Amino acid sequence: MQTLVLSNDKVANDIYCLKLQKPYGFDYKPGQFLMIKVNNLNEPLLRRPFSIAKAVSSIDIYYKVVGLGTKILSALKNGEYIDITGPFGNNFEIKYKRLALVGGGIGVAPLIGLKNFLDEQKIESECFFGFNTAKDCFVDFGSIATIDGSSGIKGTVVDMLAHLDNSYHVYACGPNAMLSALCKLADEKGFSVDVSLESNMACGFGVCLGCSVNTIKGYKQVCKDGPIFNYTEIVW
Amino acid sequence: MQTLVLSNDKVANDIYCLKLQKPYGFDYKPGQFLMIKVNNLNEPLLRRPFSIAKAVSSIDIYYKVVGLGTKILSALKNGEYIDITGPFGNNFEIKYKRLALVGGGIGVAPLIGLKNFLDEQKIESECFFGFNTAKDCFVDFGSIATIDGSSGIKGTVVDMLAHLDNSYHVYACGPNAMLSALCKLADEKGFSVDVSLESNMACGFGVCLGCSVNTIKGYKQVCKDGPIFNYTEIVW
Amino acid sequence: MVNLSVKLNNLIFKNPVMTASGTFGYGIEYNRFFDIGLLGGIIVKGLSLNPRQGNPPPRIIETPCGMLNSIGLQNIGYNKFVSDILPQFDNIDTNLIVNIYGSEIGEFVELASKLNNYKQISALEVNVSCPNVKAGGATFGKDPEVIFVLVSSIKKVCEKPIIVKLTPNVTDIALIAQAAQSAKADAISLINTITGMVIDTKTKKPFLGNKFGGLSGPAIYPVGLRMVYETYEKINIPIIGVGGINSPDIAIQYLLAGASLIQIGTANFVEPDISLKIIDGIRRYLENEKIDDVSKLVGLAHN
Amino acid sequence: MVNLSVKLNNLIFKNPVMTASGTFGYGIEYNRFFDIGLLGGIIVKGLSLNPRQGNPPPRIIETPCGMLNSIGLQNIGYNKFVSDILPQFDNIDTNLIVNIYGSEIGEFVELASKLNNYKQISALEVNVSCPNVKAGGATFGKDPEVIFVLVSSIKKVCEKPIIVKLTPNVTDIALIAQAAQSAKADAISLINTITGMVIDTKTKKPFLGNKFGGLSGPAIYPVGLRMVYETYEKINIPIIGVGGINSPDIAIQYLLAGASLIQIGTANFVEPDISLKIIDGIRRYLENEKIDDVSKLVGLAHN
Ligand SMILES: Cc1cc2nc3c(=O)[nH]c(=O)nc-3n(C[C@H](O)[C@H](O)[C@H](O)COP(=O)(O)OP(=O)(O)OC[C@H]3O[C@@H](n4cnc5c(N)ncnc54)[C@H](O)[C@@H]3O)c2cc1C
Ligand SMILES: Cc1cc2nc3c(=O)[nH]c(=O)nc-3n(C[C@H](O)[C@H](O)[C@H](O)COP(=O)(O)OP(=O)(O)OC[C@H]3O[C@@H](n4cnc5c(N)ncnc54)[C@H](O)[C@@H]3O)c2cc1C
Ligand SMILES: Cc1cc2nc3c(=O)[nH]c(=O)nc-3n(C[C@H](O)[C@H](O)[C@H](O)COP(=O)(O)O)c2cc1C
Ligand SMILES: Cc1cc2nc3c(=O)[nH]c(=O)nc-3n(C[C@H](O)[C@H](O)[C@H](O)COP(=O)(O)O)c2cc1C
Ligand code: FES
Ligand code: FES
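Protein chains in written order, with the numbering used here: chain A, 1 to 236; chain B, 1 to 236; chain C, 1 to 303; chain D, 1 to 303.
Chain A with its partners taken away, still in its complex shape (with noise of 0.2 Å):
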């Protein structure tokens, strides 16, 4: 679907926040993602996946340049048009339990519709989350770690978690090494953890079977399965 571009801003380091123009009765579940083509060409060929940061006024994505297709975004201008399928894939499951919301990076991105949905349904959560440097932070609530001390505290955002036992649930997202140091946290405290992975995608609505992930019942589908697995389920 052609989709108006409103802005598409600088927020910090190599980090753009994109907002698009809601489509009349868009709706979507924290967790969820869009597909992007970010040009008319076969060059990139495959859309690309990004998580639905909110979906309030418009819909808004931050995304963090990698490669040639963000790279091709973050040049795109407010009243260009975009093509997005989805919203696709699983969400996050509310626990009756302490929520913590803790995430590493651009993947701090999911987790901030979540924190918005759960602020709207009145239920209180924990937001962790870490960056490099100060630089790369680009959002305004919970508390912050930054591995050279910039701002918050200085560490990983796993070293804020000390306190978490088994009376909590997290929700997590970031690069593979803040996630294995979590889920061995994880199993020494006693919290349960749900993450939401990455993959290679080509489809993102589970008909290429390209973006599976090994489970301990076998290959699932990032796309359809996921993105949001118990850490439990994934072998690592």
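Think of the hints as simulated: they come from the structure by calculation, not from any bench. Since the model is a prediction, treat every value here as computed from it, not as a measurement. No residue lacks a Cβ here, since even glycine has one placed at the ideal position from N, Cα and C. Mixed in with the good hints, there may be bad ones.
To be verified - Result set (EDC-like, lysine to aspartate or glutamate): computed pairs, CA atoms no more than 20 Å apart in a straight line:
| hint | chain 1 | residue 1 | chain 2 | residue 2 |
| --- | --- | --- | --- | --- |
| 1 | D | 202 | B | 198 |
| 2 | B | 22 | B | 83 |
| 3 | A | 220 | C | 280 |
| 4 | B | 224 | D | 271 |
| 5 | C | 211 | D | 110 |
| 6 | A | 95 | A | 194 |
| 7 | C | 277 | C | 249 |
| 8 | C | 290 | C | 249 |
| 9 | A | 95 | A | 9 |
| 10 | A | 154 | A | 140 |
| 11 | C | 204 | D | 230 |
| 12 | C | 202 | D | 292 |
| 13 | D | 14 | D | 280 |
| 14 | B | 224 | D | 289 |
| 15 | B | 220 | B | 198 |
| 16 | A | 77 | A | 93 |
| 17 | A | 37 | C | 273 |
| 18 | B | 224 | B | 194 |
| 19 | A | 224 | A | 194 |
| 20 | D | 80 | B | 225 |
| 21 | C | 211 | D | 233 |
| 22 | D | 204 | C | 233 |
| 23 | D | 155 | D | 110 |
| 24 | C | 142 | D | 172 |
| 25 | D | 211 | C | 172 |
| 26 | D | 142 | C | 273 |
| 27 | D | 204 | C | 289 |
| 28 | D | 202 | C | 292 |
| 29 | B | 184 | B | 233 |
| 30 | D | 204 | C | 29 |
| 31 | A | 19 | A | 140 |
| 32 | D | 211 | C | 230 |
| 33 | A | 71 | B | 80 |
| 34 | A | 224 | A | 93 |
| 35 | A | 224 | C | 90 |
What the hints assert, rightly or not - Restraint ranges, calculated between C-beta atoms of paired labels, are given here:
| hint | chain 1 | residue 1 | chain 2 | residue 2 | range |
| --- | --- | --- | --- | --- | --- |
| 36 | D | 203 | C | 93 | 33 to 39 Å |
| 37 | D | 295 | C | 56 | 30 to 36 Å |
| 38 | C | 296 | B | 27 | 34 to 40 Å |
| 39 | D | 38 | B | 25 | 21 to 27 Å |
| 40 | D | 295 | A | 67 | 44 to 50 Å |
Given the coordinates of chain A, assemble chains B, C and D with the ligands onto it according to the supplied hints.
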């Protein structure tokens, strides 16, 4: 060579004028062309050839949107950069005869630079340009013919050439139908004709051997042996 | 009004546009985008007797104007297919074609004979060309004698039209097509993916879990088109063209080269309703060219 | 400092980057863009004993991320080459490799024996793979026995290293490479272009004057890379990788797959000085990876 776009304006139906910053020391002869890479992607893969219409204060190119490459070109904004190679090709040779410049449609482009050059050299010449309708016309000098009569005389550009005789030499560029009508007239009236030809090109400077045209002396390369050929040389 | 319908044996296709195996799931998934009953046909993901897990991830990587996949024929298997999927096609008015795969001839034959019983199925497409499974598949597709035996054996147990889908990774594709024709295949699909690979320069290892993958997408259309053109001159059963089609122009090129029907593959991922746009584009081309029947385009480029 | 130089028999290449036959003219034309003496080697346009006219136009057409060419080995012929071109290489400090073509074995042999006398020539690349000439070429490249006879015959009359350039349009490229190795070829170049075609839907005819053309450019790199990888496991003479290379990353992928040297083809048209950028990119990659010799990359993806 990365070159700054100074302007890129629509000047007629589907026709744009692209002005590029003239690189230091840039020199060309009327009839030569540039090869332009319209974006930084692998699609379109190859450069596209465009005649240099003028290179006085800037390099001026007139182009018609006919396919993917020219469509992408038409979206360029001033302040952006594009990559050019050239100038390539031979040039219009000045003959000591009465000179007529005959162009049809976008084929008028290379003749603009020739006219400019002749004026500078104080060499007299007559200009005859044909278009489908007034909306296609992008020149403000010369005698104009339009098929629908909306500007200048009603008819084809060749209809304006009845007075040419063997004292004339014609420089021509335009669609094949126009060129063959012109050459038929040349045979009748005895004037000589140099034409600027087109061909699909990969390199533009004689190494791919892809742009061959059949001549009475065998295949020649449009990019290197041309684009300007005497019409009697060509096996039409 | 132009006639877009195409006949293959007793089957009527309402238009020449089908969707390619492995790129359209089981069809139903696309109903969220458009009415799949508008298609000439739907070819479902390669089916095997038993469910298959497929290859280890990563399974896809983009390449210039193309993509590599090494899905490895992950599928739900015969039982689940006939119990869960087939009933959903009771009321869908298009040709359902089942792409089948076996790791040996016996498995192909058993599967074909079982599928023969289902009225929802219009035809079988025999995949002798998947490069992503170790045993069988790829070897089958490269040896004319094996093709002959395989197709003859399937024809004995299955009355439905048998379409044989060939691999492009061979020296002489027309030769293989001739073997299938001799074995009484009803049509030939050309082409499956071209084997390729990508290496990750960060890890210095092949990017795909299975090392090699199949190249598809617009990048390969000139190769598929050439193979259709070549094969058209050597056989007289219908050809179904597939490979890189993502615009009406390329679809029409395939028809002109000699394809009676065409399939859309990778393009379904990028633009889920691309097939409708291609059906529409073919119709408009015929109108502009004042040609009243799409079948009149087939093979015209040979004249 | 990293070592970029590569040895092949007695030849030293100052870096692994060469330019591919047919895409770099006779080399000299590129001096207007950069000092061609900086290249590892230059492979000139396919040469035949007698001058050749080539195929009728149109000869090129762009395709998604690629191009088709049907030049048909237009060239100035042996006499003009040795009189006009060779002397210009007296003072150019790079390896000049002559790509040769014949319409029958005798012609290859005669040409090779004549070229053997010229000190400016470092090696010969035998083109057994051009899809654009009717006689000889393409057939040669597909039959291991013919390859064996051809290469053995050339080796008898020419002391310079013989590189055999293979066509990708075969079922098993490693088999053909093995035949060349048995015949004492010194290296194998992989790949030439993949045969393809484009049809003009306006005229309803094949677009190229010769109908078919060879597909080159980034679109084909996954296929070339796979063939290098496959062949590397089957032979022990050096492989020269070519096909779609237009960035340091793809060049490095070829080295990791098993190529000792690489060639830049179509990319020379788009960016005349791309080879220098690729040499530089390989150097920087080695520095970042703390690898001191480019030869240490070769084949690493197999570990
Ligand atoms: C469900 C989901 C949600 C996501 N949400 C977000 C989000 O909200 N914000 C965000 O910024 N990102 C998000 N991503 C990630 C985002 O989709 C990717 O960053 C994006 O697709 C990159 O596209 P690109 O064209 O810029 O990079 P590409 O050039 O495609 O490269 C992307 C990655 O692909 C791999 N790759 C490509 N080619 C090669 C090669 N030759 N060898 C090895 N590796 C290669 C590399 O890992 C590379 O980093 C999400 C991903 C998923 C699956
Ligand atoms: C020396 C020279 C000078 C030129 N000067 C000018 C100039 O000053 N101004 C100007 O506007 N143009 C000029 N041209 C023409 C210009 O180069 C082309 O119009 C341009 O390259 C078109 O690029 P494109 O990507 O927009 O179109 P493309 O999409 O590349 O299509 C261009 C043409 O290619 C052919 N083509 C492409 N694909 C197919 C196919 N599948 N089947 C059949 N045909 C196909 C068609 O004829 C089509 O019209 C010149 C050409 C030459 C050789
Ligand atoms: C992800 C993916 C899965 C595929 N699975 C199958 C399959 O199961 N059986 C089969 O015969 N072909 C399969 N193919 C091949 C396609 O049906 C088609 O032949 C090929 O992709 C070329 O067409 P395209 O370029 O339009 O995609 C698959 C292709 C892709 C991209
Ligand atoms: C225009 C053109 C002409 C070519 N001529 C020759 C030739 O004369 N001899 C030869 O062996 N290969 C020839 N080739 C093949 C290239 O050398 C190379 O193998 C092929 O193009 C793949 O590499 P690329 O994708 O980098 O271009 C030619 C290729 C092109 C594009
Ligand atoms: S991206 Fe296609 S199945 Fe998940
Ligand atoms: S365009 Fe390459 S030789 Fe003319």
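These are the hints, each one checked on the structure:
{"no.": "1", "hint": "D:202 / B:198", "result": "18 Å, holds"}
{"no.": "2", "hint": "B:22 / B:83", "result": "13 Å, holds"}
{"no.": "3", "hint": "A:220 / C:280", "result": "36 Å, violated"}
{"no.": "4", "hint": "B:224 / D:271", "result": "18 Å, holds"}
{"no.": "5", "hint": "C:211 / D:110", "result": "43 Å, violated"}
{"no.": "6", "hint": "A:95 / A:194", "result": "10 Å, holds"}
{"no.": "7", "hint": "C:277 / C:249", "result": "11 Å, holds"}
{"no.": "8", "hint": "C:290 / C:249", "result": "16 Å, holds"}
{"no.": "9", "hint": "A:95 / A:9", "result": "34 Å, violated"}
{"no.": "10", "hint": "A:154 / A:140", "result": "17 Å, holds"}
{"no.": "11", "hint": "C:204 / D:230", "result": "16 Å, holds"}
{"no.": "12", "hint": "C:202 / D:292", "result": "17 Å, holds"}
{"no.": "13", "hint": "D:14 / D:280", "result": "13 Å, holds"}
{"no.": "14", "hint": "B:224 / D:289", "result": "44 Å, violated"}
{"no.": "15", "hint": "B:220 / B:198", "result": "12 Å, holds"}
{"no.": "16", "hint": "A:77 / A:93", "result": "35 Å, violated"}
{"no.": "17", "hint": "A:37 / C:273", "result": "14 Å, holds"}
{"no.": "18", "hint": "B:224 / B:194", "result": "15 Å, holds"}
{"no.": "19", "hint": "A:224 / A:194", "result": "15 Å, holds"}
{"no.": "20", "hint": "D:80 / B:225", "result": "18 Å, holds"}
{"no.": "21", "hint": "C:211 / D:233", "result": "14 Å, holds"}
{"no.": "22", "hint": "D:204 / C:233", "result": "17 Å, holds"}
{"no.": "23", "hint": "D:155 / D:110", "result": "12 Å, holds"}
{"no.": "24", "hint": "C:142 / D:172", "result": "10 Å, holds"}
{"no.": "25", "hint": "D:211 / C:172", "result": "17 Å, holds"}
{"no.": "26", "hint": "D:142 / C:273", "result": "41 Å, violated"}
{"no.": "27", "hint": "D:204 / C:289", "result": "11 Å, holds"}
{"no.": "28", "hint": "D:202 / C:292", "result": "17 Å, holds"}
{"no.": "29", "hint": "B:184 / B:233", "result": "14 Å, holds"}
{"no.": "30", "hint": "D:204 / C:29", "result": "36 Å, violated"}
{"no.": "31", "hint": "A:19 / A:140", "result": "18 Å, holds"}
{"no.": "32", "hint": "D:211 / C:230", "result": "11 Å, holds"}
{"no.": "33", "hint": "A:71 / B:80", "result": "16 Å, holds"}
{"no.": "34", "hint": "A:224 / A:93", "result": "15 Å, holds"}
{"no.": "35", "hint": "A:224 / C:90", "result": "25 Å, violated"}
{"no.": "36", "hint": "D:203 / C:93: 33 to 39 Å", "result": "37 Å, holds"}
{"no.": "37", "hint": "D:295 / C:56: 30 to 36 Å", "result": "31 Å, holds"}
{"no.": "38", "hint": "C:296 / B:27: 34 to 40 Å", "result": "55 Å, violated"}
{"no.": "39", "hint": "D:38 / B:25: 21 to 27 Å", "result": "23 Å, holds"}
{"no.": "40", "hint": "D:295 / A:67: 44 to 50 Å", "result": "30 Å, violated"}
In the structure shown, a violation is registered for the earlier hints numbered 3, 5, 9, 14, 16, 26, 30, 35, 38, 40, in ascending order.
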